[in-house]
Structure formats: structure tokens, C-alpha cells
Amino acid sequence: MSQIFHTSTNVLSRLSIYGGVFIVALLGAVLYGIELSPWYTDVHVSREQPVPFSHKHHAGELGIDCRYCHTSVEKSSFAGLPPTQTCMTCHSQIWTNSAMLEPVRASYRTDKSISWTRVNALPDFVYFDHSIHLSKGIGCTTCHGQVAEMPLTYREGTLYMSWCLDCHRQPEKYVRPKSQVFNPNYVVPSNQIELGRQLVKDYKIQSLQNCSVCHR
Amino acid sequence: MKSNFHRVGNRAAYTGISPVLSCARRLACLGGIAMLLAGCRLDMHIQPKYLPDEPSTFFDDGRSDRPVVPGTVARGQLHTDELLYTGKENGVVADKFPFPMTREDLERGRERYNIYCTPCHDYTGGGQGMIVQRGFPPPPSLHLESLRKAPAGHYFEVITNGFGSMYSYASRVEPEDRWRIAAYIRALQLSQHATMQDVPENERSKLTEQNAGNVPGHAAGQP
Numbered sequence: 000m001s002q003i004f005h006t007s008t009n010v011l012s013r014l015s016i017y018g019g020v021f022i023v024a025l026l027g028a029v030l031y032g033i034e035l036s037p038w039y040t041d042v043h044v045s046r047e048q049p050v051p052f053s054h055k056h057h058a059g060e061l062g063i064d065c066r067y068c069h070t071s072v073e074k075s076s077f078a079g080l081p082p083t084q085t086c087m088t089c090h091s092q093i094w095t096n097s098a099m100l101e102p103v104r105a106s107y108r109t110d111k112s113i114s115w116t117r118v119n120a121l122p123d124f125v126y127f128d129h130s131i132h133l134s135k136g137i138g139c140t141t142c143h144g145q146v147a148e149m150p151l152t153y154r155e156g157t158l159y160m161s162w163c164l165d166c167h168r169q170p171e172k173y174v175r176p177k178s179q180v181f182n183p184n185y186v187v188p189s190n191q192i193e194l195g196r197q198l199v200k201d202y203k204i205q206s207l208q209n210c211s212v213c214h215r
Numbered sequence: 000m001k002s003n004f005h006r007v008g009n010r011a012a013y014t015g016i017s018p019v020l021s022c023a024r025r026l027a028c029l030g031g032i033a034m035l036l037a038g039c040r041l042d043m044h045i046q047p048k049y050l051p052d053e054p055s056t057f058f059d060d061g062r063s064d065r066p067v068v069p070g071t072v073a074r075g076q077l078h079t080d081e082l083l084y085t086g087k088e089n090g091v092v093a094d095k096f097p098f099p100m101t102r103e104d105l106e107r108g109r110e111r112y113n114i115y116c117t118p119c120h121d122y123t124g125g126g127q128g129m130i131v132q133r134g135f136p137p138p139p140s141l142h143l144e145s146l147r148k149a150p151a152g153h154y155f156e157v158i159t160n161g162f163g164s165m166y167s168y169a170s171r172v173e174p175e176d177r178w179r180i181a182a183y184i185r186a187l188q189l190s191q192h193a194t195m196q197d198v199p200e201n202e203r204s205k206l207t208e209q210n211a212g213n214v215p216g217h218a219a220g221q222p
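Listed in order, the protein sequences are those of chains U and A.
The first sequence begins at 0 in numbering that gives the first Met the number 0 and counts up by one.
The second sequence begins at 0 in numbering that gives the first Met the number 0 and counts up by one.
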């Protein structure tokens, strides 16, 4: 019986044995790349909304404070999505004929909630509390990015556990003075590490990394 | 063992795969896929519980947040203090505060005023805020004689119930904070009607120096 494979295929078999290692590594790298890609994480991907609400206009150009709408952010785990009444505080008087705002007026007329598309959502097995982060000097934009420059809101962080731990391991890299927490245009100073270390001490910030801090 | 070998050996003789074997293999395959998929389940990610503002298919209005039954008095919500919660005393708008205003209270009042009031009333209370510049009917200046004479409880009432085209801010500003805002409005009013006599003596020279240096003598406005 003649041999099935020609001798030259020995090269191929050798290559594939050595290459196997690299192929596995490459596969890992590709998967890792996909996991970090906006396609998978939604980072920097604007979401369609029933009303194209612009934080850039409201928080940036008009300078409305975050807390004007997100009222519960300082005292509860949840920042609070504003009820339609908050929109109508101004829009009962201005842009009253705008077709774009009809869903808002309809919601107010019929008492039916507007179904916004969630931009930042954590899995249900993660406990997160906005109020403690704010009261320890973590600014809105540290996690949410330059919201005051977003025409349509998108997610700034991956919300992966490693992303949370980045800060929990080194809070001095991110903490800012409490007076600047709600400043949407805060610029990280060049002496951040130095300032951060001081603030971590002043605000008695603990580097909490125990599993049960978030998975309770 | 031998019979097994025999059977496997025999399989080669078939032109097709035995229907029985194919069925078993298919089942095994499906079982394997089912197990793999079971590993991907999301029941810890999406647990059978409601988070704030989550929609619901169970309730008619589509909301998981339920309205309180009318007449409910939750713990900490028994509002018997008439002055603190209505701004009135024996049904008459009161011109006093339900608790003494400290510097911290005034600073909290300034912070709350800057968040919730400045869009229309602006940082000095003049009524030319950004939303007014964009077409909202301008509110009266807080420095009008009539408003300077208005009792403190009037401001509490307006924040609580709204006034004219101003909506109620009761759901956004706590009662105590409404009083602090009222106190800060008093401070703003004072700032726009202050005379040299109100300035402490050791500070007066600074002001005259500033005026001499042609620094705009605008009364102390907020940032």
C-alpha cells in the first residue's frame, strides 16, 4: 500500500505542532480583544432613546446641575431617573410645539412612563451605591465620562469587575476634592497622586477589595 | 469486551450508519450542547427581583414602583409639625424659620438654591437664569420690595406647591432644605440692599480701595 501523505507534509505537521501553541495564544488574544471591544462592552456606543435627550445641551450648554434631575444620587444607591414632571418643569413652557418632545408630553398627559434605554447597568449580583462614592470624593465624570459633552448618552466604562477594582485598589488615582464632585468639567490636576494621597487620608477612604463588599 | 470489538468492527461493513446509533449520537450531541448552554444561563445576572424604575409586565401600568395607598403614613412621614411642613402657623403663612439657621444651613441653602433655582432665578435672584434666556417666562426678581417683605414661609410654600408657571419642587427638595433655601434667599436679598453700615468696620477700607481701583462695584454675586 502506497503511503497516503507525501514526505513534504512532515513540514506541515511539525509547523502545526509548534504553531498550535501560538494558535491557542492567538485565539485567546482575539477573545480578549472581543471582550474589550465596544461591540461587546457598549463603551462609547450611543443608545437609541425614545426622545433624543442631550446631556451636552442640558448639562453642558445650559449648565444644569446633575442633581437637578438625578435627585436621589446623594442619599441613595440609585441616582434616580427623573420623572416626566421634571422634564415638564421647563418644557411646559419652552419647546412646547416640538415634535421631538411629543413622547414627553404624551407621558405627562397619560401618566405612562417613558421607556428609556438603560445605558449603565450592572448585573443583579453586584451591589453598588452612588451616595457613598460621591460623599467620599468620587466625581460623576470619573465613572460616567464627559457626560456634558455627550449629545446622546453612552457608557464610559466597561463596568467589568477589573474596572471597579482599578479604583478600589488605588483610589488616590481618581479621588477629587468633595467640592468638585459634581463639576462636569473637572480637570485632573498634574499632582493627582500627591493630592489623591492627601484626600484618601482626609476622607478616610478605605481600599475595599473584599468580595462581599459588592457581592453581598 | 470481545463482542464490543466485534460490533465496532462490523460497523465498517455498513453502507450507512445504523439508525439506532445515529439517534444515540444525536442525543449525546444535543445533551452536550444543552449542558454547554446551561453554563451560559443568566439567572444570576437577571434575578427575579425589581430594581428601581425597572419595568414590570405584572402590573397594569407597566411599572414595578408601586404608588403608595392613599392615606399611608410611612415611618418618618408623620408630618405633624405645621410650621416645618406647611410654612404656616395656625393657617397663616409664618415669617419665621422652624429651626435656627446656622452658617452650615445657609451654605446648604446656597448649594440647593444653586442646583434647583438658578436655572430660572439666576445666581443673584434677579430672575434672568439660563432657562429664562432660552424663553421661559421670567420670574419676578427676588429683590422686589413686595418679595423682600414676603414672609419666609411664602418661599417655603412656593417651593412646595409651585407658583404661576413654576412647578412644585416638593419631590426634589426636602422640607428642611426648602427652609434653608428660603434663608439663603434672605441672604441674597440682603446682599443686594446692603449699605456701608452693614460692612464690618475693619473690612470697609478694602471696599473703598476696590472702588478706587475701578473694580466693578457689583454687589457680591455668587459664582
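Derived by calculation from the structure, the hints in this document are not laboratory data.
Here the structure is a predicted model, which is why all the values come from computation and not from measurement.
The C-beta atom is built at its ideal place from N, Cα and C for all residues, glycine as well.
Any given hint could be a false lead.
If you want the footprint, here are the derived chain A segments under chain U, 3+ residues with CB under 8 angstroms [as the list claims (entries may be wrong)]:
| # | segment |
| --- | --- |
| 1 | 25-31 |
| 2 | 60-71 |
| 3 | 76-84 |
Just a sample of chain A residues kept apart from chain U, beta carbon distances all over 12 angstroms, derived [said to hold, decoys possible]:
| # | residue |
| --- | --- |
| 4 | 90 |
| 5 | 96 |
| 6 | 142 |
| 7 | 197 |
Legend entry - residue 142 of chain A remote from chain U - nearest C-beta pair above 12 angstroms: holds, 22 angstroms
Inset, instruction - Count residues of the segment 76-84 of chain A with a Cβ under 8 angstroms from any Cβ of chain U, then say if the count reaches three. - result: violated (count 0)
Inset, instruction - Quick one: work out the minimum CB distance from residue 197 of chain A to chain U and report holds if it exceeds 12 angstroms, violated otherwise. - result: Residue 197 of chain A clear of chain U: closest Cβ-Cβ about 27 angstroms, beyond 12 angstroms.
Legend entry - Three-residue Cβ test at 8 angstroms for the coverage of the segment 25-31 of chain A by chain U: violated (count 0)
Legend entry - Status of the stated non-contact between residue 96 of chain A and chain U (beta carbon gap over 12 angstroms): Consistent with the label, residue 96 of chain A stays out of reach of chain U, its closest Cβ about 23 angstroms off (over 12 angstroms).
Legend entry - Separation of residue 90 of chain A from chain U, once the least beta-carbon distance is taken, above 12 angstroms: holds, 28 angstroms
Legend entry - Verdict on chain U covering the segment 60-71 of chain A, where coverage means 3 or more residues with a C-beta closer than 8 angstroms: It holds, with 3 qualifying residues against the three required.
Checked against the numbered hints given earlier, the structure breaks hints 1 and 3 and satisfies all the rest.
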